[in-house]
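> This is what each chain is made of:
2 protein chains.
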Amino acid sequence: MSLVVVGSAALDTVETPCEKRENLLGGSAVYFSVAASFFTSVHLAAVVGEDWPEEHTRLLKTRGIDTAGLQVVPGGKTFRWHGRYEPNLNDRETIDVHLNVLTQHDPVLPEHYRRCQFLFLANGATGLQLRMLEQCPGTVLTVADTMDLWIRTEPDQLAELLRRVDGLVLNDSEAKLLSGEQNVVRAGRRVRQMGPRFVIIKKGEHGAMFFGQHETYVLPAYPTADVVDPTGAGDAFAGGMMGYLAEQGQFDPLSLKQAIAYGTITASFTVEGFSLEGLLRATRDDLDARLEQYKRMVSF
Amino acid sequence: MSLVVVGSAALDTVETPCEKRENLLGGSAVYFSVAASFFTSVHLAAVVGEDWPEEHTRLLKTRGIDTAGLQVVPGGKTFRWHGRYEPNLNDRETIDVHLNVLTQHDPVLPEHYRRCQFLFLANGATGLQLRMLEQCPGTVLTVADTMDLWIRTEPDQLAELLRRVDGLVLNDSEAKLLSGEQNVVRAGRRVRQMGPRFVIIKKGEHGAMFFGQHETYVLPAYPTADVVDPTGAGDAFAGGMMGYLAEQGQFDPLSLKQAIAYGTITASFTVEGFSLEGLLRATRDDLDARLEQYKRMVSF
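Chains as they are written, first to last, in the working numbering: chain A, 89 to 388; chain B, 89 to 388.
These are calculated hints, taken from the structure and not from any lab test.
There could be a bad hint or two in this list.
To be verified - No more than 27 Å apart at the CA atoms, straight line, and that leaves these computed lysine-lysine pairs for DSSO-like:
{"no.": "1", "chain 1": "B", "residue 1": "291", "chain 2": "A", "residue 2": "291"}
{"no.": "2", "chain 1": "B", "residue 1": "291", "chain 2": "A", "residue 2": "345"}
{"no.": "3", "chain 1": "B", "residue 1": "345", "chain 2": "A", "residue 2": "383"}
{"no.": "4", "chain 1": "B", "residue 1": "345", "chain 2": "B", "residue 2": "383"}
{"no.": "5", "chain 1": "A", "residue 1": "345", "chain 2": "B", "residue 2": "108"}
{"no.": "6", "chain 1": "A", "residue 1": "291", "chain 2": "A", "residue 2": "345"}
{"no.": "7", "chain 1": "A", "residue 1": "165", "chain 2": "A", "residue 2": "149"}
{"no.": "8", "chain 1": "A", "residue 1": "383", "chain 2": "B", "residue 2": "108"}
{"no.": "9", "chain 1": "A", "residue 1": "291", "chain 2": "B", "residue 2": "149"}
{"no.": "10", "chain 1": "B", "residue 1": "383", "chain 2": "B", "residue 2": "108"}
{"no.": "11", "chain 1": "A", "residue 1": "108", "chain 2": "A", "residue 2": "165"}
{"no.": "12", "chain 1": "A", "residue 1": "291", "chain 2": "B", "residue 2": "108"}
{"no.": "13", "chain 1": "A", "residue 1": "345", "chain 2": "B", "residue 2": "149"}
Unchecked claim - Incomplete in silico selection of chain A near chain B, CB under 8 Å:
{"no.": "14", "residue": "196"}
{"no.": "15", "residue": "197"}
{"no.": "16", "residue": "302"}
{"no.": "17", "residue": "304"}
{"no.": "18", "residue": "306"}
{"no.": "19", "residue": "307"}
{"no.": "20", "residue": "311"}
{"no.": "21", "residue": "312"}
{"no.": "22", "residue": "315"}
{"no.": "23", "residue": "341"}
{"no.": "24", "residue": "345"}
{"no.": "25", "residue": "346"}
{"no.": "26", "residue": "385"}
{"no.": "27", "residue": "386"}
{"no.": "28", "residue": "388"}
Remember, it's a predicted structure, so these values are computed and weren't measured experimentally.
Ideal Cβ positions, reconstructed from N, Cα and C, are used throughout, including at glycine.
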């Protein structure tokens with residue numbers, strides 16, 4: 089079934105203890121799309137400036153990603169993020185952010201995007217997420233991501249969003265902030281009571297938790313010895329998950345659990361290289377082989 | 089098969105955001121024994137002072153725990169620990185420690201302890217752990233725990249211990265310290281190369297990882313909404329694990345995985361009350377029911 093993602097496209101500068109890389113292809117919608125492209129064709133909506141290298145668009149197209157919704161703002165500059173990771177490669181500091189064209193991003197989705205059945209609203213201003221929802225009235229599954237900034241600054245709009253989406257994906261500290269609960273299980277349940285049918289809490293290197301009406305799932309991260317750059321892992325997790333669901337065309341609890349496992353695996357490939365290098369090296373067969381290995385690691 | 093644990097018996101003072109409790113029954117060997125007692129009879133070796141309430145010994149005996157190796161030092165005082173938990177109930181600060189009789193603890197194990205087949209050396213001075221090993225020459229499985237203090241102060245003795253035990257259990261920050269690796273997967277593999285056939289890394293609320301020669305397992309913690317007091321969870325984890333293995337009388341990779349799952353479940357009951365309250369409320373049927381629930385949460 090058709091899958092649309094609305095989010096950011098970015099040029100990142102990433103510093104790890106070993107290396108500094110500049111002008112890397114990044115952004116939530118980009119990581120999501122490439123991860124989802126292992127499973128299904130994705131329609132990407134994002135905005136970039138005139139400095140956006142055409143080769144990035146070409147790369148996305150080679151993955152079967154529809155870039156009709158990738159809007160280039162004349163005279164504009166692409167969103168830039170600069171981060172530095174601690175030696176543990178988990179904690180990071182944001183050195184610099186230039187929103188640039190993101191501040192004016194209020195896309196009108198192409199007509200064929202509006203007929204999508206699966207919609208992912210990557211992290212972004214809540215008002216914009218709501219307007220995207222309105223442009224896609226026929227979805228069967230809508231999932232959103234959010235972050236501390238919007239939880240703090242747009243609580244009313246976020247409350248409305250939570251009543252209107254089917255699922256919410258967010259990280260553990262954000263879930264605690266949103267719910268006011270210190271315990272992550274209570275936080276997940278409380279956020280679910282705010283509207284979505286399910287909540288997925290991402291815990292980075294510690295995996296993910298799923299809270300549905302009757303189901304709770306906990307899945308550890310795939311144990312990766314070679315973490316190069318964790319940027320985009322959360323978006324790739326969501327991309328693998330939604331891509332699998334769109335491929336299957338269903339989202340019952342068991343499909344969701346399998347989808348979270350695929351999300352875990354796509355995230356594990358993502359962190360093994362800078363930018364999209366780790367994901368682009370992998371094939372669907374690599375994903376399936378690692379999924380089987382992972383299954384043996386967690387089942388007993 | 090017979091299981092011996094050598095470790096501490098303590099009187100704890102625990103402060104959580106909601107409550108302060110004093111003179112609680114605690115100590116690594118005590119938590120371990122009670123957790124293991126769901127599965128098998130345990131022979132406990134520890135030292136206490138004259139202030140040790142006889143009721144604690146009686147309680148241990150009602151669980152089928154052999155206290156022949158519980159040595160009371162005339163005129164001595166029991167080991168005391170005082171800790172305070174942060175609101176997240178994961179991080180804690182040690183307010184006060186009185187080693188008391190622990191400083192003179194160099195037990196001579198009862199004759200029937202020395203014929204044990206399963207031996208757990210709970211966290212303690214490495215020299216003492218080595219002397220306990222020597223007193224039990226016929227074990228089929230010996231597992232040790234250790235901590236940052238001994239890693240820093242007794243590296244040579246610890247290196248010898250690692251060459252002589254079958255398994256090592258330690259937490260993630262300790263594994264990183266011992267190995268010099270920042271990545272937990274690399275840390276686990278590196279520690280295994282120091283001698284033990286397997287290494288289990290405890291990650292608290294994030295679960296545990298197992299590193300064997302050919303196997304890596306990752307198991308999340310059981311998602312507990314009602315954390316009251318996390319003290320002793322790591323020791324109860326080890327107790328559940330070793331108790332199950334001693335009950336089965338085997339420790340092949342698949343039994344170890346099942347044992348880690350049982351350790352996870354005993355730890356989850358432990359944190360649901362102060363001291364041993366959570367564990368003592370549970371029955372073996374409760375453990376088995378939660379294990380089944382847990383299995384459904386992690387399998388896909």
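> Does each hint fit the structure? Answer for all of them.
Cross-check of the supplied hints:
About 13 Å separates the Cα atoms of residue 291 of chain B and residue 291 of chain A, which keeps this hinted pair within 27 Å; it holds. Distance check on the hinted pair: residue 291 of chain B and residue 345 of chain A sit about 23 Å apart at the alpha-carbon level, within 27 Å; holds. Proximity of residue 345 of chain B to residue 383 of chain A is assessed by CA-CA distance (about 13 Å); at most 27 Å being required, the pair is judged to hold. Using a Cα cut-off of 27 Å, the hinted pair residue 345 of chain B and residue 383 of chain B holds, with the two alpha carbons roughly 12 Å apart.
With a CA separation close to 40 Å, the supplied pair residue 345 of chain A and residue 108 of chain B exceeds the 27 Å bound. Annotation: proposed proximity of residue 291 of chain A to residue 345 of chain A holds, straight-line Cα distance about 16 Å (limit 27 Å). A threshold of 27 Å between alpha carbons decides the hint, and for residue 165 of chain A with residue 149 of chain A the separation of about 22 Å falls inside it, so the pair holds. Restraint check for residue 383 of chain A and residue 108 of chain B: the C-alpha separation of about 42 Å exceeds 27 Å, so the hint is violated.
For the suggested pair residue 291 of chain A and residue 149 of chain B, the alpha carbons sit about 41 Å apart, so the restraint of at most 27 Å is broken. Between residue 383 of chain B and residue 108 of chain B the alpha-carbon distance is near 35 Å, which puts this suggested pair outside the 27 Å criterion. Among the hinted pairs, residue 108 of chain A with residue 165 of chain A is consistent with the structure: their alpha-carbon atoms are about 22 Å apart, no more than 27 Å. For the given pair, residue 291 of chain A sits about 30 Å from residue 108 of chain B by alpha-carbon distance, which is inconsistent with the 27 Å threshold.
A threshold of 27 Å between alpha carbons decides the hint, and for residue 345 of chain A with residue 149 of chain B the separation of about 44 Å lies outside it, so the pair is violated. Hint status for residue 196 of chain A relative to chain B: violated, with the closest Cβ pair at about 39 Å, above 8 Å. A hinted interface residue such as residue 197 of chain A counts as satisfied when its beta carbon comes closer than 8 Å to some beta carbon of chain B; here the least separation is about 33 Å, so the hint is violated. Interface restraint check for residue 302 of chain A: the shortest CB-CB distance to chain B comes to about 11 Å, outside 8 Å, so the restraint is violated.
Given hint, residue 304 of chain A at the interface with chain B, holds; its Cβ is 6 Å from that chain's nearest Cβ, closer than 8 Å. Annotation: residue 306 of chain A was flagged as interfacial toward chain B, and the flag holds, the nearest CB pair being 4 Å apart, inside 8 Å. Annotation: interface hint on residue 307 of chain A holds; nearest CB of chain B at approximately 7 Å, less than 8 Å. Because the closest C-beta pair between residue 311 of chain A and chain B is about 5 Å apart, less than 8 Å, the hint holds.
The criterion of a C-beta within 8 Å of any C-beta in chain B is met by residue 312 of chain A, whose closest approach is roughly 6 Å, and the hint holds. About 6 Å separates the beta-carbon of residue 315 of chain A from the nearest beta-carbon of chain B, less than 8 Å, and the hint is met. Nearest Cβ of chain B to the Cβ of residue 341 of chain A: about 10 Å, over the 8 Å cut. The hint is violated. Taken as an interface hint, residue 345 of chain A checks out: its beta carbon lies about 5 Å from the nearest beta carbon of chain B, inside 8 Å.
A distance limit of 8 Å between C-beta atoms decides the matter here; for residue 346 of chain A the minimum to chain B is near 5 Å, and the interface restraint holds. At about 5 Å, the closest approach between the beta carbon of residue 385 of chain A and any beta carbon in chain B falls short of 8 Å, and the interface hint on this residue holds. For the restraint placing residue 386 of chain A at the interface with chain B, the shortest Cβ-Cβ distance is roughly 5 Å, inside the 8 Å limit, so the hint holds. The restraint placing residue 388 of chain A at the interface with chain B holds, with a minimum CB-CB distance near 5 Å, inside the 8 Å limit.
Hints 5, 8, 9, 10, 12, 13, 14, 15, 16 and 23, counting from the list given before, are not met by this structure.
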